[in-house]
Amino acid sequence: MVEPRAKQKLIVIGNGMVGHHFLEQLAARPENALFEVTVFCAEPRPAYDRVHLSEYFAGRSADDLALGRIDQYRDWGYDLLLNDAAVSIDREKRTVTSASGVEKTYDRLILATGSYPFVPPIPGHEHGKCFVYRTLEDLDAIRAASENATTGVVVGGGLLGLEAANALKELGLEAHVVEFAPGLMGIQLDEGGSGLLKDKIEDLGVTVHTSTATELIEEVDSGRLRMQFKDDRELVTDLIVFSAGIRPEDKLAQAAGLQLGERGGIVIDESCRTSDGNIFAIGECALYENFIYGLVAPGYTMARNVVSLLCGEEASFTGADMSTKLKLLGVEVGSIGDAHGRAEGAAAITFVDEQSGIYKRIITDGDGRKLLGAVLVGDTGDYDQLLQYHLNDIDLPEHPEQLILPAADGDAPTLGAGALPATATICSCHNVSKGQIVDVVQGGCCSLGEVKDVTRASTGCGGCSALLKNVVDEELAALGMEVNNHLCAHFEFTRQELFHIVQVEEIRTFEDLLQKHGSGRGCEICKPTVASILASLWNDHIHHRPHVGLQDTNDTFMANMQKNGSYSVVPRVPGGEITPDKLIVLGQVAKKYDLYTKITGGQRVDLFGARLEQLPEIWRELIEAGFETGHAYGKSLRTVKSCVGSTWCRFGVQDSVAMALHIENRYKGLRSPHKIKMAVSGCTRECAEAQSKDVGVIATENGWNLFVCGNGGMRPRHADLFATDLDDETLVRYIDRFLMFYVRTADKLQRTSVWLENLEGGLDYLREVIIDDKLGLGEELEVQMANVVGTYQCEWKTAINDPEMLKRFRQFVNTDEPDEKIVFVEERGQPRPAREEEVVKIAEPA
Amino acid sequence: MTEVAITPTPWQPVCQRSDLVADSGVCVLVGDVSAAGPLAPRRSIALFFIPHAEQQLYAIDNWDPIAGAGVIARGIIAEVDGELTVASPLYKQHFRLRDGQCLEDPGIRLDTFAAAFDGDTVVIASMPDSP
Ligand code: SRM
Ligand SMILES: Cc1cc2nc3c(=O)[nH]c(=O)nc-3n(C[C@H](O)[C@H](O)[C@H](O)COP(=O)(O)OP(=O)(O)OC[C@H]3O[C@@H](n4cnc5c(N)ncnc54)[C@H](O)[C@@H]3O)c2cc1C
Ligand code: SF4
Ligand code: FES
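In order, the protein sequences belong to chains A and B. Just so it is clear: in the first sequence, position 610 is 610 by my numbering, and no numbers are missing. Just so it is clear: in the second sequence, position 110 is 110 by my numbering, and no numbers are missing.
There may be inaccurate statements among the hints.
[What the hints assert, rightly or not] Straight-line alpha carbon distances no greater than 25 Å define the calculated BS3-like cross-link-like pairs of lysine-lysine that follow: (1) A:K563 to A:K582; (2) A:K563 to A:K807; (3) A:K169 to A:K129; (4) B:K92 to A:K748; (5) A:K592 to A:K797; (6) A:K797 to A:K591; (7) A:K592 to A:K821; (8) A:K821 to B:K92; (9) A:K598 to A:K516; (10) A:K675 to B:K92; (11) A:K251 to A:K104; (12) B:K92 to A:K563.
[What the hints assert, rightly or not] Computed beta-carbon distance windows for the label pairs: (13) A:Q8 to B:K92: 50 to 60 Å; (14) B:G82 to A:T684: 56 to 66 Å; (15) B:Q16 to A:D512: 37 to 47 Å; (16) B:Q55 to A:G381: 50 to 60 Å.
[To be verified] From the derived model, a few chain A residues whose C-beta atoms are all more than 10 Å from chain B: (17) L550; (18) D552; (19) N564; (20) G703; (21) E820.
FYI, nobody ran anything at the bench for these hints, they're computed from the structure. Note that the structure is a prediction, hence the values are computed from the model and not measured. C-beta atoms are modelled at their ideal positions from N, C-alpha and C, and glycine is treated no differently.
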């Protein structure tokens, strides 16, 4: 027998990106049960995506950036202490004490305290209009200060400094970058590259001052700041952001007597252990071989290694690749490996196209066989390929210069994903190799989205997304799975292509489409898909003769089949608003037919347990009372959830109920690739949870903010803010276009969230199509929507008045008897399907 | 011991042509409809009518043993590798119309019955096909 072991006490100090990754990895393992985990987090919220911090200015909220969630930590069994920094470590007693006075003991301690921005000690740097760029709070402060400002200066021309300059520009400021060194991004770029980068950035309207040292910052009469430079020049600005590098956050470790590097950083060995064997350090606070890795991927690697070690496996950290690719102010920059060509015997090949502003340089070893490094500015199209040559030590082609020269005959040697070894790392953030990706594709994941879900590749910094797509595409092709773009064995087209064909050729029936463009007799995949396309375009009744037989059972019987073969009935309750009289009718009908009654998550009432043959009678009664079908069975609009809004609520700024009713009534009946949910909230408190819907509308003082592509369900996704302060008419116009564009282009059974994630160009592209009307489709989409809206019919109303259609609602065509196999028993005063053992009891009376 | 002579009528009328729905299924109750007796056990049978296929009529057990519900008649007809099947509406397993074989689980096969038109009347064999 295994002795029950006391749990190991684990303390993690710091809940940044790396600390979170560590916990996430640990939580995913069965060994998690062996640890009792406490996390000290100095920030007021759990870990968030610092890499994409700047997107906070572009409209992503703190929630969108969140990596860790409080409830998730609770589920994992971790004790998360927010807003409570660790202030001391007692290595003798093995305890950690926090600012609020909490004291905890540990068996193992993980330091993941990250780094802090270095602020050069220039006199005046402590002025209130001087900021750093590291946390959400920093960005809030910068945003507030920018409100009445015209000019902003960033001190530091490295990777982060340029990103901060971009942010200032987006905030509407005239931006300057002041760099002490002679070139921008000195760590990553060589002289030629940084010179060209400077030109490009200046073209974009950011003034760059290189070789410029600041001597003094002082407030002038206007309340602005004057920066005095060494060479007597000066600059007057409203605010200053320091981005002059990072320093490891090692104060705690220092006070605890752990070994630090000469210039700071907690010294770790290959196991990420500090000078105290019980204490590990990971991420930007750790110093390995005298090097601080200021990127997230190496930190993640350290985190994974420590998890493995704690679980009794072997693992070691032996340094990490520092290649980076980014897009700064619209300028593409990439740096791989030894960009400066410092290795002995290194040889460089440079290509410069001044006209188009492209600079590329590759550094090879002496005999030109291996790629040591590369610098790309203005065009990073070759980045993925070069990185793979570098990381996997692949032999270079005979004329390596061809790798960066523009292809004269369109025939440059390309290193397809196929040429990569299985061990090649595709995603360094999550350490996913090509082999792993190939495995999951072979295991049945047929789309980029699925592969991302399963492997997490490309969900960190995102830098590997293009390469990931290539590997997935190539593998799918290799498996002969181009079929997978095909709807099914009967149509060699995607859903999107079929939509076009049906539209352009004005095809009206499945048979016709099958004959002209398909083969065989169709199946459960193509039939409902085509039925949905036909409905989106022509909007015939789903029981219209030629469409019978195309629908899934739920659409066929206009009700959801339950586990015992009975059905549920869900009348539409637009916006969740319902009169007492109608509520009474629901109660009466449920009582009469002995239906189980439940309030749904979609603000309406579901009546369960109707037998097939009862459906028409039940609906007749409901329709007489003024109800309509709720399409709970269709791939179509479900509900538009609303909050009570300005009519009653003291905070409401718009009538959210009226808007919810308006859009629910407008889009009800629209058949789509998957179901669609919407919500309207009357103010930012967001009681209708609009940000979890496919279409979310939130009232503002000036109108409505529109959010799109949210999802609850299996993989929740926060909706993206799409447009702000819209008037009613524009709001509806955008939703019209958005929905029709989705209906046209999405894959079968693809919710808007997944659709957007797979849409090339993403949200920006979607905005171009919907708002800027870049494809010139706007009007057509609106007309198409108008047609659907204009031809709406309550399917149930039509059905109960059509004897032909009603014929289908017979349990048996040769007798009126009910199906004796459907048996209900009572529970909590209502019927429910009998379980197998209960059925036997009833069938065999004693 | 009393011997009960079981002489099943080879063909049993079950419904009219007009009861069928093209390219889709309906359900009939066979056996002794008036009283559940031991001689002719009652069972629900799904009838599929596919006007353009070589064989137009299929009769197959309506009970889906995987879902534990009588719902096969309400499944969608799907062609898989050139063979006609019905996809059960609850968990989507395919059952081959010609012999009831479940494509996802080799251990499961539904009973099938010979079916034919006798004028406008649909008749099916009272005994299932032997596998
Ligand atoms: C009745 C209800 C649960 C309840 O008791 O509250 C329900 C019941 C079902 N849901 Fe749901 N969902 C219900 C609200 C939701 C919600 C909450 C909401 O809408 O606010 C969600 C998450 C939000 C979302 O969709 O983004 C939800 C996410 C799902 C999913 C996962 C979708 C996804 O994108 O991951 C499925 C499966 C699917 O559609 O493929 C699903 C599928 C189903 C099905 C249709 C399963 C099935 O095929 O039999 C259930 C049968 C309903 C029936 O027979 O009437 N249901 N379902 C809710 C009906 C709301 C309504 O009034 O129409
Ligand atoms: C604007 C910006 C853009 C970036 N872009 C990129 C990029 O494109 N690619 C890339 O690879 N990297 C990028 N980075 C760097 C990346 O964010 C870091 O490498 C990563 O966040 C490091 O993770 P960490 O957990 O080590 O440190 P952090 O994320 O800094 O987390 C450390 C946490 O520990 C907390 N802490 C410190 N001391 C204590 C204490 N005593 N008690 C409790 N908690 C404490 C801190 O408050 C902080 O929350 C960027 C960073 C910034 C700021
Ligand atoms: S959560 Fe699952 S069980 Fe509950 S209603 Fe939705 S689909 Fe059915
Ligand atoms: S490399 Fe960062 S997400 Fe894949």
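Now for the hints, and whether the structure bears them out:
no. : hint                        : in the structure
1   : A:K563 to A:K582            : 28 Å, violated
2   : A:K563 to A:K807            : 23 Å, holds
3   : A:K169 to A:K129            : 17 Å, holds
4   : B:K92 to A:K748             : 17 Å, holds
5   : A:K592 to A:K797            : 20 Å, holds
6   : A:K797 to A:K591            : 22 Å, holds
7   : A:K592 to A:K821            : 21 Å, holds
8   : A:K821 to B:K92             : 20 Å, holds
9   : A:K598 to A:K516            : 46 Å, violated
10  : A:K675 to B:K92             : 19 Å, holds
11  : A:K251 to A:K104            : 19 Å, holds
12  : B:K92 to A:K563             : 13 Å, holds
13  : A:Q8 to B:K92: 50 to 60 Å   : 45 Å, violated
14  : B:G82 to A:T684: 56 to 66 Å : 58 Å, holds
15  : B:Q16 to A:D512: 37 to 47 Å : 29 Å, violated
16  : B:Q55 to A:G381: 50 to 60 Å : 58 Å, holds
17  : L550                        : 8 Å, violated
18  : D552                        : 6 Å, violated
19  : N564                        : 5 Å, violated
20  : G703                        : 45 Å, holds
21  : E820                        : 8 Å, violated
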